[in-house]
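Novice: Put chain Z on the given structure of chain C with help from the hints.
Residue-level listing of the chains:
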Amino acid sequence: MLGSLRDGFRSLRFNWGLVVIVLVTNLALALVLAVPLAFQLDAELAHKGAASAMMYGFDHDWWSLWSERQQGPESALGPELLGGGFALKNLDLLLKGWLPAGLFATGSGKRPVDPLVLGLGVVYLVVQAFLTGGLLAVFRRPRGGWTLRGLLHGSGFYFGRMLRLSLLSLAAVYVVFALNAPFARMVDDLAREAVSGRTALVLTLGRYALLLAALLVAHMVFSHARVLVVREERLSALLATLSSLGFCLRRPGAAAGQYAVAVAAAAALLALFTLADSWLTVVGFRTQLLALALVEAFVAARIAIRLWLLASQLELQQAAARRS
Amino acid sequence: MRPRNAGLLLAALAGVVPFLSDAQARGPAYVPPALPAPAGKDAPGLPPLPDASPRNASYTIDARLDPDKRTIEGSLVLDWRNTSDQALASFPFHLYWNAFRNNLSTTARGEGRRAPAERLVDERSFGWMEVKSVRRLGEPDEDLLPTLSYLNEDGNADDRTVMQVTTAAPVPPGGSARFRIEWQSRIPHGSVGRAGWVHDYHFMVQWFPKIGVFWKGQWNCHPFYTWTEFFSDFGVYDVTLRLPRGFVVGATGRLESQTSDPDGSESYRFVQEDVHDFAWTASRRFLERRARFEDAGYPPVEIRLLLQPEHAHLGDRYLEATKIALRTYGTWSAPYPYPQITVVDPAWGSGSGGMEYPTLFTGGASVLAPEALQSPEGVTIHEAGHQFWYGLVANNEFEEAWLDEGFNTYMTAKASEHSLGPEGWGRRFLEADFGRGARTGWPFVAPGVLLPRGSEYLAGLRGGGEADVMAKKAWTYRDGGSYGLNSYGKPALVMQTLEGLLGEETMLKLLRTYARRYRFAHPTTEDFLATVDEVTGGGWRSYFAETFFSADILDYAVDVKSEPARKPAGFLPGPDGRLAYTAPVREKKKRKRGGPDAGPFESRVTILRHGEARLPVELLVEFADGRVVNERWNGRERWYRFSYAGAEVVRAVVDPQRKIVIDVDPSNNEWVSDERQAVRAATKWAGRYLLWLQNLLELHTVVG
Numbered sequence: 010m011l012g013s014l015r016d017g018f019r020s021l022r023f024n025w026g027l028v029v030i031v032l033v034t035n036l037a038l039a040l041v042l043a044v045p046l047a048f049q050l051d052a053e054l055a056h057k058g059a060a061s062a063m064m065y066g067f068d069h070d071w072w073s074l075w076s077e078r079q080q081g082p083e084s085a086l087g088p089e090l091l092g093g094g095f096a097l098k099n100l101d102l103l104l105k106g107w108l109p110a111g112l113f114a115t116g117s118g119k120r121p122v123d124p125l126v127l128g129l130g131v132v133y134l135v136v137q138a139f140l141t142g143g144l145l146a147v148f149r150r151p152r153g154g155w156t157l158r159g160l161l162h163g164s165g166f167y168f169g170r171m172l173r174l175s176l177l178s179l180a181a182v183y184v185v186f187a188l189n190a191p192f193a194r195m196v197d198d199l200a201r202e203a204v205s206g207r208t209a210l211v212l213t214l215g216r217y218a219l220l221l222a223a224l225l226v227a228h229m230v231f232s233h234a235r236v237l238v239v240r241e242e243r244l245s246a247l248l249a250t251l252s253s254l255g256f257c258l259r260r261p262g263a264a265a266g267q268y269a270v271a272v273a274a275a276a277a278l279l280a281l282f283t284l285a286d287s288w289l290t291v292v293g294f295r296t297q298l299l300a301l302a303l304v305e306a307f308v309a310a311r312i313a314i315r316l317w318l319l320a321s322q323l324e325l326q327q328a329a330a331r332r333s
Numbered sequence: 086m087r088p089r090n091a092g093l094l095l096a097a098l099a100g101v102v103p104f105l106s107d108a109q110a111r112g113p114a115y116v117p118p119a120l121p122a123p124a125g126k127d128a129p130g131l132p133p134l135p136d137a138s139p140r141n142a143s144y145t146i147d148a149r150l151d152p153d154k155r156t157i158e159g160s161l162v163l164d165w166r167n168t169s170d171q172a173l174a175s176f177p178f179h180l181y182w183n184a185f186r187n188n189l190s191t192t193a194r195g196e197g198r199r200a201p202a203e204r205l206v207d208e209r210s211f212g213w214m215e216v217k218s219v220r221r222l223g224e225p226d227e228d229l230l231p232t233l234s235y236l237n238e239d240g241n242a243d244d245r246t247v248m249q250v251t252t253a254a255p256v257p258p259g260g261s262a263r264f265r266i267e268w269q270s271r272i273p274h275g276s277v278g279r280a281g282w283v284h285d286y287h288f289m290v291q292w293f294p295k296i297g298v299f300w301k302g303q304w305n306c307h308p309f310y311t312w313t314e315f316f317s318d319f320g321v322y323d324v325t326l327r328l329p330r331g332f333v334v335g336a337t338g339r340l341e342s343q344t345s346d347p348d349g350s351e352s353y354r355f356v357q358e359d360v361h362d363f364a365w366t367a368s369r370r371f372l373e374r375r376a377r378f379e380d381a382g383y384p385p386v387e388i389r390l391l392l393q394p395e396h397a398h399l400g401d402r403y404l405e406a407t408k409i410a411l412r413t414y415g416t417w418s419a420p421y422p423y424p425q426i427t428v429v430d431p432a433w434g435s436g437s438g439g440m441e442y443p444t445l446f447t448g449g450a451s452v453l454a455p456e457a458l459q460s461p462e463g464v465t466i467h468e469a470g471h472q473f474w475y476g477l478v479a480n481n482e483f484e485e486a487w488l489d490e491g492f493n494t495y496m497t498a499k500a501s502e503h504s505l506g507p508e509g510w511g512r513r514f515l516e517a518d519f520g521r522g523a524r525t526g527w528p529f530v531a532p533g534v535l536l537p538r539g540s541e542y543l544a545g546l547r548g549g550g551e552a553d554v555m556a557k558k559a560w561t562y563r564d565g566g567s568y569g570l571n572s573y574g575k576p577a578l579v580m581q582t583l584e585g586l587l588g589e590e591t592m593l594k595l596l597r598t599y600a601r602r603y604r605f606a607h608p609t610t611e612d613f614l615a616t617v618d619e620v621t622g623g624g625w626r627s628y629f630a631e632t633f634f635s636a637d638i639l640d641y642a643v644d645v646k647s648e649p650a651r652k653p654a655g656f657l658p659g660p661d662g663r664l665a666y667t668a669p670v671r672e673k674k675k676r677k678r679g680g681p682d683a684g685p686f687e688s689r690v691t692i693l694r695h696g697e698a699r700l701p702v703e704l705l706v707e708f709a710d711g712r713v714v715n716e717r718w719n720g721r722e723r724w725y726r727f728s729y730a731g732a733e734v735v736r737a738v739v740d741p742q743r744k745i746v747i748d749v750d751p752s753n754n755e756w757v758s759d760e761r762q763a764v765r766a767a768t769k770w771a772g773r774y775l776l777w778l779q780n781l782l783e784l785h786t787v788v789g
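Residue numbers (my numbering), protein chains in the order written: chain C, 10 to 333; chain Z, 86 to 789.
The shape of chain C in the complex, shown without the other chains:
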C-alpha cells in the first residue's frame, strides 16, 4: 500500500500541472458566486463604520442584520466560515445529505444552502467526471508528461463512461443514505433515552462517523472502477464497478489504507491551514493577497490529495496486475 502511495505521489509530482487545471476549474466556478458577493459587500459597507470592523475583525451587529436580508447564495456568509468552521459546515452538509443538490437530504427543515450553490456543485461534479478520464490517462503513462490537448482528448474519450460511473455512484450513495435513515432514527432514539449526555454524544457523532465511512467505501469502489475503465479500457461502467468491488474485497487493507492516509493528510492539511490562517492578520491589500494565496494553496493541496489518491489507486491496480 505504501509503495502505491509512493508511486502515486511520484506520478503526481511529474504531472503537477494537473492540480492547477483542476484548481482552475474549481476557482472559476466558485468565482461565479464570490465576485458578485464582493461587489455586494462593497456596496453594503460603503461609508459605514462597520466596514472598518469587518476589515479588522467581525461586526456582529452589521452581519446579523445583513444576513437577515439575504435570500440567495450570499446567505451562507457568516462567522462559521472562519477558522476551521468552513470545513465543519461542509462536512455537516455532506453528512446530512445536501451534496449534491440536496438529493439525499431528509426532513422538512430549512434548506441550509441556496439552490444556486447546490446547482454549482452539480456542475462541478460533471466537470470532474469529464476530467477524471483525462487525468487517469495521464497517470497511466509513467513519466509521460501531458499536454492540455491530450488531457482534453482523454477526458472526452472516457467522458461517457465516467458520467455513467458517476450516476452509478450517486445511486450507491442514495442506497447508503436510504439505509442510514432508519439506522440514524434508531441511534437517535437510543441517544434520546440515554442516561448520560456523553453516551448520547458518542452515539450521535458515531453514527455520523459510520456514515462518512460508508460514503468513503462507496467512493473507494467507484474510484477504483474509474481506474479500471481507463487502465483496462472497460466499456461497461457496471461491470467495471463489479470488478472494482472484487478488487477492493481482495485487498481491503491496501485499498482502505490508502483512504486512511488520504484522510489523515487532509486533516493535517486542514490543521496547518487553520494555524496559518490564525497567524495571518489581514490589515491591507498586501495581506489580503497573501490570504487569498493561502486559500488557493490550501485548495490546491486538497485537490492534490485527491489526485494523489487517484494515481495511487492506479498504481495499486497496476502492481496487483504485475503480481498476478
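Just so you know, these hints were derived from the structure itself, not from any lab. Positions of the beta carbon are idealized from the N, C-alpha and C atoms, including for glycine. It is possible that part of the hints are untrue.
If you anchor each label on the Cβ, the simulated ranges turn out as follows [to be verified]:
id : chain 1 : residue 1 : chain 2 : residue 2 : range
1  : Z       : E405      : C       : P121      : 31 to 37 Å
2  : Z       : R717      : C       : S76       : 42 to 48 Å
3  : Z       : N719      : C       : R295      : 46 to 52 Å
4  : C       : K119      : Z       : D612      : 39 to 45 Å
Specialist: Just chain Z now, with coordinates in the frame of chain C:
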C-alpha cells in the same frame, strides 16, 4: 494497516481537533474590573433591608416518592394569614401538575414545549395531581372536599390546574386559617415540562397544592399558562421527603435532619424561612461538589452543586458562575440573604434545565462546552440571578414577566460581560434534534467573533418587536416568540439603554433602592417607575412610554453630504453695490477629499429616525482638520439636519457612546468618508466565502 501506522494516523486526526473547536478562540486570561462594594443592611441613602418576609403562607409538608411507580403521596399543613382588609371564605390553590393530565388543559392547548403537538407523546408524558382530602383545621375540623371546584378564568372547563375550596366561616382581616391537604401525584416524564423524571433523576417542582395570592383586592391564582407560572406568598417551609435509600437529594433550604426509616427508606427534612416556593431533586447519579462564597461585605453562602457525572469537568465553571451571580447581583441590587444555595445540573433528556426556585436552581450543560460560549456560565448566572428578583422581590410573573425575566436578563448580560468578558459566537455541527436542553454535536467557536452585550436580542426586536406592547400579561402575547422577546430581550435592552442614559451611578442607586424597598413585597411596574422618579427626580415617564408601554421600534441612522464650498458665480453685488456678473470658475482638477488641505467644504449631516420610537440622541461629527463637534437632537421629527462649513466631514456617529442599545440597526449609526475600508472588507469576506465554496465544490467528489 500496521498498528504503528494506525497510531500515526490517529495522532494526525487528533491533532486537527483543537483547530475545529475553540482552541483559537481563547484569548489571554480576562481580568474583570473592580465592582462597587455591596451596600450594607442600613446603608445611608437607601431603604433598609427587611429582616424577614410577611410569612403569611407557611407550609409543613410530608411527602413520599415512589420512584418505581413514579408517584408522590403527600400531605401538607398550610398556615395562612389574611393580610388583606377583607374577610375571605374562598381559597384557590394551584394544582400545577394537572397541566399534564391530558391534552385538554390550558397548557396543553397552548403553544410551546409543553403542548402535546410539539413533543413525543406516550403514556409517560402525562401526569396529574389528585386532592384526596382538604380540611380546615380547628375546633372542630371542617371537611372542605365537598366544596372543591375547579376555576377556569380562561374559559377552559377541561383545565384543572386551579381548585377552590370554601370555608363555612370567613377568615377575618388579620386572622389565620390552617388547612390540611392530602394528595397523590403521578409524575410526568421530565421531557415534557420542568417537573418530572428521567431515569432516576427526579426534579420535583410545582409539586404540591399551593395557595394563590390575595392581591390588589382579589385572589390572584391563574391557571398554569404555557409560559409563566410564578406568584406566591412568602412563608416558612418545613418539608420532610421520604425516598428509597441511595438517592442524593437536594432541595430548597437547609437540611435539618436525615434519618433512616425502618421500612428501608430515608427521610430528609429541609427547612427554609422567607421563601415563596419549595423545590427538590433526587438522583442516584449526582456527584456532589461544595464551595463557599465569602467575599468581603457579603453574607457567606454555602454552594452545593449536584452534578451529572459526565459534566464533572464543568464543576468548577458552575461554581465560579454561581459566585459571579452572588457577587455582582449582590452589589448591584442587595446581597443574597440565605446561607446556602443549591445548583442542579439536570440529567440528559430532562427539560428542567435553566429554571429557578428559591435557594435552588438548575443550570444546563453539554459535555463539549467551549469556554468562549459561556455555557454553562450564562445559564448559571441567569438562574442564580433569579434569586434576587423572582426569589426575593417576587413580582407577579404571570402578569408582568418582564419585571423578573427582563431585569434578570439585563443583569445576566451585565454580570457575564463584567466577570467573563464578551461572549463568543459559535454553533454546533453534526447534531441531532433531541429537543430543548439536550444538545449534542460538535461545537465550533468562530475565532475572534465576540457578541456585544445585548446584541443577541436585536434580531428578535427587528423581527417581532412590533407584534406586542412590551408590558402586558404574559399569556396575552401574540405567540411564544413575542412572549420571549417582550419578557427577556426587549426589557433587557430597555434597561441597558436606561443604564446608558442615566449613567452607572444612578442606575446602581435605582436598582439598589428598588431591590431593597420591595424585597418580599410583590411590586408592580408602577412601583418600579415610582422608584425611577424618586431616584432620578422624575422626567423619565416618556422614556417608558416609548419602550415599556409601546410596540414601536427605534432606529436612528445618519447620512452625510459634503461638497466643496461654492465659488461665487452669477450676478453678485459688486464693489459699488450694483449687481455684476461673475463667471463660474471651473476647477481643472477634482478637489482632493478628506485631507486637511482639501479646501473649504459645505457639509450636511442628517440624522434620520426610521422607527416610530423617539428618544433624544447625541451626534458626534469629526472633520478633516481634526475638529470634533458634539450635537444633540430630541428625536421628535423624522429627521434633523446639521450644516457645517469649513473642513470636510470625515465621520459622523449617532449615539457615539452606544447608550441607546435598543436601536435595532446600529450599523447605520456611523458614516465614514473613507471608502477604501469597504473595498478591503468586501474583498476579505468574499475571499473567505471563496474558501468555503471551493472546498464545498471539491467535497462533492466524495459522492460523485
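Novice: Give a verdict on every hint.
Specialist: Tested hints:
The given range of 31 to 37 Å is respected by E405 of chain Z and P121 of chain C, whose C-beta atoms sit roughly 36 Å from each other. Separated by about 33 Å at the C-beta atoms, R717 of chain Z and S76 of chain C break the suggested range of 42 to 48 Å. Between N719 of chain Z and R295 of chain C the beta carbons are some 47 Å apart, a value that agrees with the proposed interval 46 to 52 Å. Taking the beta carbon of each, K119 of chain C and D612 of chain Z are about 43 Å apart, inside 39 to 45 Å as hinted.
Checked against the numbered hints above, the structure breaks only hint 2 and satisfies the rest.
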